[in-house]
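**Q** Got chain A; can you put chain B on it based on the hints?
There are 2 protein chains.
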Amino acid sequence: MKIITTIHEMQQTVDELRQIRKKIGVVPTMGYLHEGHLSLIHLAKQHADVVITTLFVNPAQFSPTEDFDKYPRDFERDKKLAESAGTDILFTPSTEEMYSPDYLTYIEIEKITGVLEGKIRPTHFRGVTTVVAKLFNITKPDVAVFGQKDAQQAIVIQQMVRDLNFDVRIMIAPIVRESEGLAMSSRNVYLSEVERKESVVLHQSLQLAKKLIEHGERNCSLIISEMKKLISANLSAKIDYISITEAETLEELSVLQDGNQALISLAVRFGTTRLIDNILLTI
Amino acid sequence: MKIITTIHEMQQTVDELRQIRKKIGVVPTMGYLHEGHLSLIHLAKQHADVVITTLFVNPAQFSPTEDFDKYPRDFERDKKLAESAGTDILFTPSTEEMYSPDYLTYIEIEKITGVLEGKIRPTHFRGVTTVVAKLFNITKPDVAVFGQKDAQQAIVIQQMVRDLNFDVRIMIAPIVRESEGLAMSSRNVYLSEVERKESVVLHQSLQLAKKLIEHGERNCSLIISEMKKLISANLSAKIDYISITEAETLEELSVLQDGNQALISLAVRFGTTRLIDNILLTI
Numbered sequence: 702m703k704i705i706t707t708i709h710e711m712q713q714t715v716d717e718l719r720q721i722r723k724k725i726g727v728v729p730t731m732g733y734l735h736e737g738h739l740s741l742i743h744l745a746k747q748h749a750d751v752v753i754t755t756l757f758v759n760p761a762q763f764s765p766t767e768d769f770d771k772y773p774r775d776f777e778r779d780k781k782l783a784e785s786a787g788t789d790i791l792f793t794p795s796t797e798e799m800y801s802p803d804y805l806t807y808i809e810i811e812k813i814t815g816v817l818e819g820k821i822r823p824t825h826f827r828g829v830t831t832v833v834a835k836l837f838n839i840t841k842p843d844v845a846v847f848g849q850k851d852a853q854q855a856i857v858i859q860q861m862v863r864d865l866n867f868d869v870r871i872m873i874a875p876i877v878r879e880s881e882g883l884a885m886s887s888r889n890v891y892l893s894e895v896e897r898k899e900s901v902v903l904h905q906s907l908q909l910a911k912k913l914i915e916h917g918e919r920n921c922s923l924i925i926s927e928m929k930k931l932i933s934a935n936l937s938a939k940i941d942y943i944s945i946t947e948a949e950t951l952e953e954l955s956v957l958q959d960g961n962q963a964l965i966s967l968a969v970r971f972g973t974t975r976l977i978d979n980i981l982l983t984i
Numbered sequence: 702m703k704i705i706t707t708i709h710e711m712q713q714t715v716d717e718l719r720q721i722r723k724k725i726g727v728v729p730t731m732g733y734l735h736e737g738h739l740s741l742i743h744l745a746k747q748h749a750d751v752v753i754t755t756l757f758v759n760p761a762q763f764s765p766t767e768d769f770d771k772y773p774r775d776f777e778r779d780k781k782l783a784e785s786a787g788t789d790i791l792f793t794p795s796t797e798e799m800y801s802p803d804y805l806t807y808i809e810i811e812k813i814t815g816v817l818e819g820k821i822r823p824t825h826f827r828g829v830t831t832v833v834a835k836l837f838n839i840t841k842p843d844v845a846v847f848g849q850k851d852a853q854q855a856i857v858i859q860q861m862v863r864d865l866n867f868d869v870r871i872m873i874a875p876i877v878r879e880s881e882g883l884a885m886s887s888r889n890v891y892l893s894e895v896e897r898k899e900s901v902v903l904h905q906s907l908q909l910a911k912k913l914i915e916h917g918e919r920n921c922s923l924i925i926s927e928m929k930k931l932i933s934a935n936l937s938a939k940i941d942y943i944s945i946t947e948a949e950t951l952e953e954l955s956v957l958q959d960g961n962q963a964l965i966s967l968a969v970r971f972g973t974t975r976l977i978d979n980i981l982l983t984i
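If you read the protein sequences in the order shown, they are chains A and B. Just so you know, the first sequence maps onto residues 702 to 984 in this note's numbering. Just so you know, the second sequence maps onto residues 702 to 984 in this note's numbering.
Pulled out of the complex, with its shape left as it was, chain A reads as follows (with noise of 0.2 Å):
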């Protein structure tokens, strides 16, 4: 696995790699990888000859009261993970490299970032969309994979994919999830012992949710309310939202019909840590 730091090496290496007709897969992560980033890499491995897995704590995501400087970081596990996993190329630049003193740059994405978690993080979509970006100019990918966890950030990458016409396939991998349910993520180390029991009610309640829409149930505020009885009863559990919307317009739904294709998602905050989980469903 080589390991590249500078964007002029990284543009200048996939330029010599496409002249010869490999095709280039990129998984963006901002590291601390788990088994959901793995099987990211896995999927990118069956559609591309090389696969740059990149690797940035991304600062315009986050807000200046969030978690940027105290993000979980393990560079040297990271690389042993990224290997095993089939990453050929591992691109992991500074801030600095990133993003100069005078940087200006950003892209909008309107109505879709200002709902759910955009509702909540009023910048995160506009740094989320703004590093994508760059990353597609800097690995110049045939094929980019990205997790269902971040159900928004999908929707809204593919968006702007479609927009800007970038040409490059997007592909949505499965939410990978512990023995108990939890969907793995970067955040769960900062879980108690408690809260990472309690945490397991939120693939419960989207199973809850799951199976009164499979008994006929069509009502939304009735499904959330079920829901939200559920979580509650965990004293650690405070919740953000929780929402069924149509899974391309993140428009809420009140009543499901035949033929929605509904997203049904959640925040929910275990003492300071804030989980967010989701499941798609055709009606």
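Which copy is meant is left open, so a pair is good if it fits within one copy or across any two.
Below, in silico cross-link-like pairs of lysine to aspartate or glutamate (EDC-like), each with a Cα-Cα straight-line distance of 20 Å or less:
1. Lys930 x Glu899
2. Lys724 x Asp868
3. Lys723 x Asp868
Think of the hints as simulated: they come from the structure by calculation, not from any bench. What you are looking at is a predicted structure, and each value in this text was computed from that prediction instead of being measured.
**A** Below, chain B alone, put in the same frame as chain A:
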């Protein structure tokens, strides 16, 4: 000369050209070509194997009160001129091809888009940067050529390219003028005979500023007031702004200092037609 109207065919065509190591140059235009545009095509031809001229009147850079609908168009004439100047591929997409009904994404550049033209036309530059980013993703150029006539646009595009890491070399071609000094512009056709005559004062005022500076004048308000006096002697002229700024940051200068790269720029209305012009000077 090949004419391409769809994004998909354009991307496929450049992929094939890059595969056989052809260097791609792109000249983005809104059509109604004049000698200024042709000089951009000539410059691109010197630095690329294949020159793509794009011809697209971009609605996103016009405000609702501006001249999008009546912007001059003449496809047959443009086709001939583009070909005679050395264009290999003419890319002429429809508005619907470039902006789908659910379009949501814009590229915003802070600070330098809020002054000069951006102050008077608040959404203009996000329209420009957005369409240029799209055209870069569609034509995947090695080199892109823009005109110095739109000085702020040239600065804004160079900032975007640096910030978003587009792997494209930007070249800025000098202003082409009519024999009496009026800068070439597609909008010159709007001018009445009297306005056309009076409009040569724009170039004269820039030359006056240059002479004052060459004779040692360093006080910017004084230079601007002399320019205003000259322009205002023309009855049909209404000054929007005359400005002296540092050329890269677009920060206003009050006193010129040795080593400054100064941009003297102006926008003046003649009747309903708004003309811009500028000069770059190293002090």
